[in-house]
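Chain by chain, the residues run as shown.
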Amino acid sequence: MMPFDPISIRQQFPILAQQAHDYPLVYLDNAATTQKPDSVLNAIINYYQTSNANVHRGSHFLSDKATNLFEQARQTLAEFIQAPDNSHIIWCKGATEAINQVAYGLESSLKPDDEILISSLEHHANLVPWQQLAKRTGAKLRSIPFTSDAKWEAEYASYFNEKTKILACTQISNAIGVHLPLDTLIQEAKAVGALTLIDGAQAVAHYPVNMAQLDCDFYVFSGHKMYGPTGIGVLYGKTAALEQLTPLQTGGEMVLKVSLLETEFNQLPYRLEAGTPHIEGVIGLASACEFLMQQDRQAMLDWEISLANRVRRILMNEADIKVYSPANTTLVSFSVNNINLTDLNAFLDSKGIGIRSGSHCAHPLMAQLGVSGTLRASFACYNNERDADHFVATLLDAIDLLAD
Amino acid sequence: MNTNEIKDTFNQCQSKEESFRALVKISKTLIRLDTDLKTNENAVTGCESQVWLTAEKEKETGLWHFQADSDAKLIRGFLAIILAYIEGLNSEQIQQLDLLTQLNALNLESYLTSSRNNGILAIITRIKELTQ
Ligand SMILES: Cc1ncc(COP(=O)(O)O)c(C=O)c1O
Numbered sequence: 517m518m519p520f521d522p523i524s525i526r527q528q529f530p531i532l533a534q535q536a537h538d539y540p541l542v543y544l545d546n547a548a549t550t551q552k553p554d555s556v557l558n559a560i561i562n563y564y565q566t567s568n569a570n571v572h573r574g575s576h577f578l579s580d581k582a583t584n585l586f587e588q589a590r591q592t593l594a595e596f597i598q599a600p601d602n603s604h605i606i607w608c609k610g611a612t613e614a615i616n617q618v619a620y621g622l623e624s625s626l627k628p629d630d631e632i633l634i635s636s637l638e639h640h641a642n643l644v645p646w647q648q649l650a651k652r653t654g655a656k657l658r659s660i661p662f663t664s665d666a667k668w669e670a671e672y673a674s675y676f677n678e679k680t681k682i683l684a685c686t687q688i689s690n691a692i693g694v695h696l697p698l699d700t701l702i703q704e705a706k707a708v709g710a711l712t713l714i715d716g717a718q719a720v721a722h723y724p725v726n727m728a729q730l731d732c733d734f735y736v737f738s739g740h741k742m743y744g745p746t747g748i749g750v751l752y753g754k755t756a757a758l759e760q761l762t763p764l765q766t767g768g769e770m771v772l773k774v775s776l777l778e779t780e781f782n783q784l785p786y787r788l789e790a791g792t793p794h795i796e797g798v799i800g801l802a803s804a805c806e807f808l809m810q811q812d813r814q815a816m817l818d819w820e821i822s823l824a825n826r827v828r829r830i831l832m833n834e835a836d837i838k839v840y841s842p843a844n845t846t847l848v849s850f851s852v853n854n855i856n857l858t859d860l861n862a863f864l865d866s867k868g869i870g871i872r873s874g875s876h877c878a879h880p881l882m883a884q885l886g887v888s889g890t891l892r893a894s895f896a897c898y899n900n901e902r903d904a905d906h907f908v909a910t911l912l913d914a915i916d917l918l919a920d
Numbered sequence: 016m017n018t019n020e021i022k023d024t025f026n027q028c029q030s031k032e033e034s035f036r037a038l039v040k041i042s043k044t045l046i047r048l049d050t051d052l053k054t055n056e057n058a059v060t061g062c063e064s065q066v067w068l069t070a071e072k073e074k075e076t077g078l079w080h081f082q083a084d085s086d087a088k089l090i091r092g093f094l095a096i097i098l099a100y101i102e103g104l105n106s107e108q109i110q111q112l113d114l115l116t117q118l119n120a121l122n123l124e125s126y127l128t129s130s131r132n133n134g135i136l137a138i139i140t141r142i143k144e145l146t147q
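One line per chain: the protein sequences are B and A, in this order. Under our numbering, the first residue of the first sequence is numbered 517, with each subsequent residue one higher. Under our numbering, the first residue of the second sequence is numbered 16, with each subsequent residue one higher.
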């Protein structure tokens, strides 16, 4: 394990060394997507320069090489999330596709009046697929109203009953950085025999995760939010849970035997992976896992949290600023009284600072908070105190300038 | 401000920050719309911020008069500029006007992120539609 060093980490991300609108680039939109280290970029280039071929097909030199890399990557991912073995790792485009596969795949097991449970903090990716599934099946979608401190409340127990078939909830809110009490939620769901899906999209870049410990049925995440490439992500599932899923897509290597009228599907994980996979993405994602596993994860997380806390402390003392994210997370989400978010964002952008303003794909949460949106500064391992301080100083300038 | 004053103001700006300040300043000249005019009918869709626009033609002269508003100050700045270019023109003059080129000449590109740019385009399209 390498001791964590924010200076040498940053040097592995050459994209950050550029100017934006004549100012040094400050990238604080990491919850939307992270930048990629040289090692990930090189793994992808190296794959194309030395090993490119279609996987699992034909037996020739390059095809074997590509297939080995591809299946080794599955092994790396299994280690990364501490899954018992490779067959639990299903490649998909990202968290959204993974959730859609599960929602679609469980359709035939739902009846009218069954209940699907989510939380009020969900990204639309973990809401709309369930809402549409509920519409198609007559099941009922219910949402546990977590607030911004996300404590388990005694009355939440009433959301779990014999009709509850699925609990799908996020590990960390992308909009306000809140962590849900997953252990209790999963325990309650198990007690009523419901399947559990955890959306780990905002967690995997920051927190080591352990499938054996978490004990959920499905866990989903996207590569691009954890230093990997876009277009690749993972659906983890327990064997029995994955076996229950009807494949969302069919064709290609996911079959064993096809006649005109019938198809015998392949075993897991291939059964849920139709078509030629995103091989370079898989290679890049495995490299991103290696990048993370080489780090002192605790020191890295402490660094990210210290930067978010540094910003949060100052914003908390500003009378016109309302902060929605708790302390000790990796992002700061806030709004400013009487100042339009896009105006603030425009000023920050003109000074080279990239953050996100808006609803963060979480309309129900914004409605619950009584705002149309927030500004969100989200940190990654390569950010530094200069980024944090420059952001705060520029924000305060912008507020001065834009106040009536 | 008339269009010459606008051009002078923005051409004199030495930095992005100065043009941002100028845009904020000009936004304050825009007369705000009455709440009862902020209807769905007057809303310009396709903008990241809320925008409303009304257009009225004088019967005798055929000249157009506009009112506009937005919840975002920068957009109000852009609206103030746009209205300065089109206020009191007739339909033909408005249809012939290349508003985008006029705006681009003010060096405000750095405030036109792709989504804001789409918003400005939506406003210009709406103006042309209303005054056809
Ligand atoms: C919590 C959460 N879930 C799901 C998603 C969807 O991820 P993707 O767009 O990569 O599929 C995101 C991304 O913004 C997210 O933050």
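Certain hints may be false.
Said to hold, decoys possible - With a straight-line cut-off of 20 Å between C-alpha atoms, the simulated SDA-like cross-links for lysine to any residue are: (1) A:Lys43 <-> B:Asp920; (2) A:Lys43 <-> B:Gly870; (3) A:Lys43 <-> B:Ile855; (4) A:Lys31 <-> B:Gly870; (5) A:Lys31 <-> B:Ala909; (6) A:Lys31 <-> B:Ala536; (7) A:Lys43 <-> B:His537; (8) A:Lys31 <-> B:His537; (9) A:Lys40 <-> A:Asn119.
Since the hints were made in silico from the structure, they are not lab data. Source: prediction; values computed, not measured.
- Query: Does B:Ala536 lie within 20 Å of A:Lys31 when you go C-alpha to C-alpha?
  - Reply: Measuring from Cα to Cα gives roughly 12 Å; hence the hint holds.
- Can the restraint linking A:Lys40 and A:Asn119 be considered satisfied, given a maximum Cα separation of 20 Å? holds (19 Å)
- Query: Given the proposed pairing of A:Lys43 with B:Gly870, does the C-alpha separation stay at or below 20 Å?
  - Reply: Distance ~27 Å between A:Lys43 and B:Gly870 Cα, so the pair is violated.
- Is A:Lys31 close enough to B:Gly870, meaning Cα to Cα at most 20 Å? Holds, at roughly 16 Å.
- Task: Verify the proposed pairing of A:Lys43 with B:Ile855, using a straight-line Cα cut of 20 Å.
- Result: Distance of about 14 Å is within 20 Å: holds.
- Message: Holds or violated: A:Lys43 and B:Asp920, Cα atoms, limit 20 Å.
- Response: Within the cut-off at roughly 9 Å; holds.
- Message: Hinted pair, alpha-carbon criterion (20 Å max): A:Lys43, B:His537. Please report holds or violated.
- Response: Cα-Cα ~26 Å, so violated.
- Under the criterion that the straight-line Cα-Cα distance not exceed 20 Å, is the pair A:Lys31, B:His537 satisfied? Roughly 9 Å separates the two Cα atoms, so the pair holds.
- Task: Starting from A:Lys31, check that the Cα of B:Ala909 is at most 20 Å away, please.
- Result: holds (17 Å)
Going through the hint list in order, the structure does not satisfy hints 2, 7.
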